[in-house]
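Student: For reference, the chains in residue letters:
2 protein chains.
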Amino acid sequence: MAEALKEVEVLLVEDNPTDAELCIRALKKSNLANKLVWVKDGAEALDFIFAKGAYSERTGMTVPKVILLDLRLPKVDGMEVLRQIKADPRTRTIPVVVLTSSKEDRDVAQSYQLGVNSFISKPVEFDEFAKTVSELGLYWLLMNHPPVAAK
Amino acid sequence: MAEALKEVEVLLVEDNPTDAELCIRALKKSNLANKLVWVKDGAEALDFIFAKGAYSERTGMTVPKVILLDLRLPKVDGMEVLRQIKADPRTRTIPVVVLTSSKEDRDVAQSYQLGVNSFISKPVEFDEFAKTVSELGLYWLLMNHPPVAAK
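Line by line, the protein sequences are chains A and B. In short: position in the first sequence from 1, add 123, done, that's my numbering. In short: position in the second sequence from 1, add 123, done, that's my numbering.
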């Protein structure tokens, strides 16, 4: 198994390759993308998080320090991915940041109701988007104390 | 009622005056402390959040964009404050950041189990602490999209 799959720090769930590449580049600039895994739809995200299907070897592996989750996703949408993560005691402590172009009140309210840790609207402007991703990477990877296994 | 009580953006729950003043000064430098309310124990925090006692006039008022919560507090400890906020559907969507000198695994694990949005260990060194508070203020007040009332 690739190293990134063993010791993942960031799970990026994003179907839009332009947005994903921008995120990865912004995190690389701050040296925060060494242990990043990018998945392109909600079904693959759930397989990764719950160590199923192609990711069944991840059973018992370290959990990401943060999941960056788009909402509009093929196969299983982001809201359902969030719901499943936060409904399961094994995974609900993993920090999830919704990173979406949606600013709809319904999406914001529902994300918080489901237990999202933070909700970030993607800035439309390229440089601003890169800056936002870099700052949220610094916050969740360097400042925030990640969850530890309950004793 | 004072303006800050009506339109609070930051609720700082901190019994240590040195730490509280450092937080307020760091947020002021970034112009983020205009709508900050500082309460000094867990009982006052709960009164504020649930609009009880001295804060009963706050019924129906805006909720903070973020609650900065120390864990070691007089009267009601921070973990119990967190538990009550996250157990009540009226308040569970409010972002809560634990800001504590504790790095004990048990505190980290329990905070995430209760649904904390983020856990920050107070840096021991003064300048580093001020920088951390400033950055978390920028993140939660300017970058994060705060919760809205469910439709």
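There's no promise every hint is true.
Which copy is meant is left open, because identical chains are indistinguishable; a pair holds if it fits in one copy or across any two.
Said to hold, decoys possible - Cut-off 27 Å, straight-line C-alpha distance, at most; resulting in silico cross-link-like pairs (DSS-like, lysine-lysine):
| id | residue 1 | residue 2 |
| --- | --- | --- |
| 1 | Lys158 | Lys226 |
| 2 | Lys198 | Lys245 |
| 3 | Lys163 | Lys245 |
| 4 | Lys152 | Lys175 |
| 5 | Lys152 | Lys198 |
| 6 | Lys175 | Lys226 |
| 7 | Lys198 | Lys226 |
| 8 | Lys152 | Lys209 |
| 9 | Lys198 | Lys254 |
| 10 | Lys198 | Lys163 |
| 11 | Lys254 | Lys175 |
| 12 | Lys163 | Lys151 |
| 13 | Lys254 | Lys152 |
| 14 | Lys158 | Lys254 |
| 15 | Lys245 | Lys175 |
| 16 | Lys158 | Lys245 |
Bear in mind the hints are in silico, worked out from the structure with no lab data behind them.
Student: So which of those numbered hints doesn't the model satisfy?
Tutor: Structure breaks hints 4, 5, 6, 8, 9, 11, 15.
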